[in-house]
Amino acid sequence: MENLELQKMANEVRKGIVTAVHGAKAGHPGGSLSAADIFTYLYFDEMNIDPKNPKMENRDRFVLSKGHTAPGLYSALANRGYFPVEDLPTLRHLGSYLQGHPCMQETPGVDMSSGSLGQGISAAVGMALAAKLDNKDFRVYTLLGDGEIQEGQVWEAAMFAGHRALDNLVVIVDNNGLQIDGKIEDVCSPYPIDKKFEAFNFHVININGNDFDEIRAAFKEAKETKGQPTAIIAKTVKGKGVSFMEGSAGWHGKAPNDEEYAIAMADLDKIAEELGGAN
Amino acid sequence: MADVVKIATRESYGNALAECGAEFPNLVVLDADLAGATKTGVFKKAFPDRHIDCGIAECNMTGIAAGLSTCGKIPFISSFAMFAAGRNYEQVRNSIGYPHLNVKIGATHAGITVGEDGATHQCNEDIALMRTIPGMTVIVPSDDVEAKAAVRAAIEYVGPVYIRFGRAAVPVINDQPDYKFEIGKGVLLKEGTDVTIVATGICVDSALKAAEMLAADGISAEVINIHTIKPLDEEIVLNSAKKTGKVVTVEEHSVIGGLGSAVCDVLAAKNPVPVKKLGMQDIYGESGPAAALVEKYKLDGKGVYADIKDFLK
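One line per chain: the protein sequences are A and B, in this order.
Heads up: the first sequence runs through residues 958 to 1236, numbered per our numbering.
Heads up: the second sequence runs through residues 1307 to 1619, numbered per our numbering.
Check each hint, because a few of them may be wrong.
Unchecked claim - To give a feel for the contact side, a few chain A residues facing chain B, derived at Cβ under 8 Å:
no., residue
1, M1061
2, M1069
3, A1114
Said to hold, decoys possible - Only pairs whose alpha carbons sit at most 30 Å apart, straight line, appear in this in silico DSSO-like list of lysine-lysine:
no., chain 1, residue 1, chain 2, residue 2
4, A, K1183, A, K1093
5, B, K1536, B, K1615
6, A, K1089, B, K1351
7, B, K1602, B, K1552
8, A, K1183, B, K1350
9, B, K1576, B, K1548
10, A, K1093, B, K1350
11, A, K1089, B, K1350
12, A, K1093, B, K1351
Because the hints were derived from the structure by calculation, they are not lab data.
Predicted model, so just to flag it, every value in this text is computed and none were measured.
Each residue gets a CB set at the ideal place from its N, CA and C atoms; glycine is no exception.
Work the whole structure out from these sequences, hints included.
Shown next as structure tokens:
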């Protein structure tokens, strides 16, 4: 997919995020928006998947280790055709198949239930190992928060993946710099993130995670990397695309009210217009 | 008198895995640096490519197993009960239980018969933890025969299963030709009319011995082996309680949340009778030889006999 199309789609994914969280009156917009370009690239370009056959045996797998950003995953899945975009506002509602955190039994396209931080990466490692054991060529992607990597289990998983040289695994860290209690370096700094993954025998790529040229190049490089898993440290802007959410820890886990929702959608409409104009 | 054959159920675990390996090509076994102790080394030797040592990282091992199972593998994760159920509780709950994945948890070195290592490694709480997880099957085999049968049954069953094994060698009591293992089905080992003894794991043997001693005193005890704590065979417990009117539970586990609690849940709701729960009385274990600990905490035949006599006064 061309960059412009990806940008337009990412903007649609962002609208879906804001709409879902507004509909839920709760949820996590900040980290969903920061990773929207990565969600979009994975589901619209990178991964070998089939929305009509979500359980296709040799599909690439994605595990949202930072499960609280389910709105981002759901919006990407809906826009990709796994289920109707119109259902996004049922997020977190009683009886909805869009649970607050990803549930593989409820939602088409969700490869692993997740949300308790630090656990998703281990499951992704298990999937990558399964491919190796069976000589299959599917790849496994997992997205972590930069706050999430404070969890010790992340490094247990990284040690195993590095030790086993799982080159079919890509770990993406959404480095938006903010966690609930504030800046990650003020709460309990995980920096330097790249050096840590390097020490665990990962091939590490630092990118601007809101730039499709850099995202594309990184995933290409990951695919070409043999004998090592890859970690993509994606520098992003929390709340990206919505003026009043950008760079604000306060929008980690808060839903916009009706007035704020209107402003957010206007922001995104404006971006769509600009992108349309450039076409 | 023929010598009583004694085998630790952890040995049975390793042997059963190795025996099933060829028949179930999707079976994989994971360890966290304890393959020598959990006895999965036998499987590792036979199927080196399907044995995965995760290092001392039980939580990650649990997640890896979850991931493997989503790709069609039947993973057994092996560790001491303290770590497999204790350290791992939330990983088991969220990464295996909630998505109802086909992962089996082989927990060895459960209870006080860990012995000399002492309280930090003597898990008396694992049954309680595991039975709170929706959809989790919890099995506590009483000997070698039952342990091997349980491993096979777990492989054939689709869904999460927790199986509890011990470190110490215990008498083989189920080596009858008509022995049959069925998940969720209790076994009536001895009929009686005065009191029901419901036991699990190594305490089944103690219950049988206690019943013999009670018989010498003219007390007729019914003995039931509950190898599956969850789902519990309610029928066998209720039928017996209706007959005897008094129930004693015996387990190498805390009296809070384990077999005793499971039995009380059923009886309280459907047929209330007096119950005495034998086990670890809300305390930690300690270092010492396994047999001496079992005696001290009154989980041997003599101790169970004495407590039942007291209960029937």
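So, going through the hints one by one against the coordinates:
With a cut of 8 Å, the hint placing M1061(A) at the interface with chain B holds, because the nearest CB-to-CB distance is about 5 Å. At about 6 Å, the closest approach between the beta carbon of M1069(A) and any beta carbon in chain B falls short of 8 Å, and the interface hint on this residue holds. The restraint placing A1114(A) at the interface with chain B holds, with a minimum CB-CB distance near 5 Å, inside the 8 Å limit. With a CA separation close to 15 Å, the supplied pair K1183(A) and K1093(A) stays within the 30 Å bound.
With a C-alpha separation of about 29 Å, the suggested pair K1536(B) and K1615(B) falls inside the 30 Å cut-off, and the hint holds. Restraint check for K1089(A) and K1351(B): satisfied, since their Cα atoms lie roughly 20 Å apart, inside the 30 Å limit. Proximity of K1602(B) to K1552(B) is assessed by CA-CA distance (about 25 Å); at most 30 Å being required, the pair is judged to hold. Between K1183(A) and K1350(B) the alpha-carbon distance is near 27 Å, which keeps this suggested pair within the 30 Å criterion.
The suggested pairing of K1576(B) with K1548(B) holds, with an alpha-carbon distance near 10 Å, which does not exceed 30 Å. Proximity of K1093(A) to K1350(B) is assessed by CA-CA distance (about 23 Å); at most 30 Å being required, the pair is judged to hold. Straight-line distance between C-alpha atoms of K1089(A) and K1350(B) comes to about 18 Å, which keeps the hinted pair within the 30 Å bound. Taking the CA atoms of K1093(A) and K1351(B), the gap is near 25 Å; set against the 30 Å cutoff, the hint holds.
Hint check: no violations occur; every hint is consistent with the structure.
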